[in-house]
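Here is how the chains run, residue by residue.
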Amino acid sequence: MKLLMTASQIHGLPVVTVRGGEDVAEVRDVIYSPEAGRLVGVTLNKRGFLAGRSREVLPAEAIHAIGQHAVMVLEESSLVARDDAPDEVAHPATERDVLGNDVLTEGGTSLGTVSDLVLLVGGSGEVVGYQIDKAGGGQGYIPLPAQLSVSGVALVVPNITEEFVADDLVGLGASVDDFRARLGLK
Amino acid sequence: MGPIGWLIIVVIVVVVAAAAVVVVRRRRRGGSVIATKDKR
Numbered sequence: 028m029k030l031l032m033t034a035s036q037i038h039g040l041p042v043v044t045v046r047g048g049e050d051v052a053e054v055r056d057v058i059y060s061p062e063a064g065r066l067v068g069v070t071l072n073k074r075g076f077l078a079g080r081s082r083e084v085l086p087a088e089a090i091h092a093i094g095q096h097a098v099m100v101l102e103e104s105s106l107v108a109r110d111d112a113p114d115e116v117a118h119p120a121t122e123r124d125v126l127g128n129d130v131l132t133e134g135g136t137s138l139g140t141v142s143d144l145v146l147l148v149g150g151s152g153e154v155v156g157y158q159i160d161k162a163g164g165g166q167g168y169i170p171l172p173a174q175l176s177v178s179g180v181a182l183v184v185p186n187i188t189e190e191f192v193a194d195d196l197v198g199l200g201a202s203v204d205d206f207r208a209r210l211g212l213k
Numbered sequence: 190m191g192p193i194g195w196l197i198i199v200v201i202v203v204v205v206a207a208a209a210v211v212v213v214r215r216r217r218r219g220g221s222v223i224a225t226k227d228k229r
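Residue numbers (our numbering), protein chains in the order written: chain Y, 28 to 213; chain W, 190 to 229.
If you are wondering where the hints come from, they were derived from the structure by calculation, not from laboratory data. Note that beta-carbon positions come from the ideal geometry of N, C-alpha and C, so glycine has one too. There may be inaccurate statements among the hints.
[Said to hold, decoys possible] Residues from chain W shown here face chain Y by an in silico Cβ test under 8 angstroms; the list is partial:
#1 V213
#2 R214
#3 R217
#4 R218
#5 G219
#6 S221
#7 V222
#8 I223
#9 A224
[As the list claims (entries may be wrong)] To give an idea of the interface, some chain Y residues facing chain W are shown, with a C-beta separation under 7 angstroms as derived from the structure:
#10 S60
#11 L77
#12 P119
#13 R123
#14 V125
[Unchecked claim] With beta-carbon atoms standing in for the labels, derived distance ranges:
#15 W:R214 - Y:P172: 34 to 42 angstroms
#16 W:I197 - Y:R80: 32 to 40 angstroms
#17 W:W195 - Y:D124: 43 to 51 angstroms
#18 Y:A108 - W:A207: 30 to 38 angstroms
#19 Y:E122 - W:G191: 47 to 55 angstroms
Build out the structure end to end from the sequences listed, making use of the hints.
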């Protein structure tokens with residue numbers, strides 16, 4: 028089943044094994060590739076009230092499923108030691124946290140600031156949009172092209188993004204395909 | 190100091206300790222959305 032989820036809904040989810048049902052970790056940071064337009068992995072916290080960062084991480088390939096209440100892995104060995112994991116997951120560029128970044132159209136119009144990332148889970152973890160705090164107040168959702176370059180403190184999106192600002196996740200889900208079709212991506 | 194004074198001190202200590210636990214927990218739990226670097 029495919030489902031739209033925000034990164035903040037994934038933060039703090041328990042990581043549970045399919046074989047055994049053990050609760051082995053908790054999601055800390057969500058790492059995605061704007062180039063590939065998909066989730067590349069998550070960093071983990073240990074379980075426990077005041078437990079901190081885990082030495083293991085979870086690359087996207089090792090994720091069995093992401094659901095509303097848990098991230099599922101086949102077994103505990105699916106968690107990968109930082110030394111053995113892809114560098115972008117093992118040592119994420121924490122200065123590249125996109126939350127709070129300005130969203131500007133290519134025409135120079137500010138649409139607001141990023142408050143969350145929207146993922147299509149159930150498949151490859153495709154990144155489909157951002158939740159934004161709109162420049163005029165209130166929250167909205169903008170669809171993203173399949174590929175996007177992120178640099179500095181601003182995300183530059185195509186001009187037509189302004190026409191596709193949705194009020195909720197349902198509206199975003201409905202607009203992604205139209206948006207990409209308009210850009211000639213599908 | 191009377192019992193009311195001690196009670197006020199205990200309440201202040203409990204509130205400060207609870208706030209400290211919340212701050213420490215938030216710092217330890219983290220939670221960011223990180224974009225990987227563009228390799229092009």
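Checked hints:
Look at W:V213: its Cβ gets to within about 7 angstroms of chain Y, closer than 8 angstroms, so that hint holds up. About 6 angstroms separates the beta-carbon of W:R214 from the nearest beta-carbon of chain Y, less than 8 angstroms, and the hint is met. The criterion of a C-beta within 8 angstroms of any C-beta in chain Y is met by W:R217, whose closest approach is roughly 4 angstroms, and the hint holds. Taken as an interface hint, W:R218 checks out: its beta carbon lies about 6 angstroms from the nearest beta carbon of chain Y, inside 8 angstroms.
With a least beta-carbon distance of about 5 angstroms to chain Y, the hint placing W:G219 at the interface is held under the 8 angstroms criterion. Nearest Cβ of chain Y to the Cβ of W:S221: about 4 angstroms, under the 8 angstroms cut. The hint holds. Among the interface hints, the one on W:V222 holds; its C-beta lies about 5 angstroms from the nearest C-beta in chain Y, closer than the 8 angstroms criterion. Taken as an interface hint, W:I223 checks out: its beta carbon lies about 5 angstroms from the nearest beta carbon of chain Y, inside 8 angstroms.
A cut of 8 angstroms between beta carbons decides the hint on W:A224: the least distance to chain Y is about 4 angstroms, and the hint holds. Checking Y:S60 against chain W by beta carbon gives a least distance of about 5 angstroms; that is within 7 angstroms, so the hint holds. Taken as an interface hint, Y:L77 checks out: its beta carbon lies about 6 angstroms from the nearest beta carbon of chain W, inside 7 angstroms. Because the closest C-beta pair between Y:P119 and chain W is about 5 angstroms apart, less than 7 angstroms, the hint holds.
With its C-beta approaching chain W no nearer than about 5 angstroms, Y:R123 sits inside the 7 angstroms limit, and its interface hint holds. Interface hint status for Y:V125: upheld, as the beta-carbon distance to the closest one in chain W is roughly 5 angstroms, under 7 angstroms. Taking the beta carbon of each, W:R214 and Y:P172 are about 37 angstroms apart, inside 34 to 42 angstroms as hinted. Remark: the range hint 32 to 40 angstroms for W:I197 to Y:R80 is upheld by a beta-carbon distance near 38 angstroms.
A beta carbon spacing of about 45 angstroms between W:W195 and Y:D124 agrees with the range 43 to 51 angstroms that was offered as a hint. Checked against the hint of 30 to 38 angstroms, the C-beta distance between Y:A108 and W:A207 comes to roughly 36 angstroms, which is consistent with it. At roughly 54 angstroms, the beta carbons of Y:E122 and W:G191 sit within the given window of 47 to 55 angstroms.
Violated hints are absent here; each numbered hint is respected by the structure.
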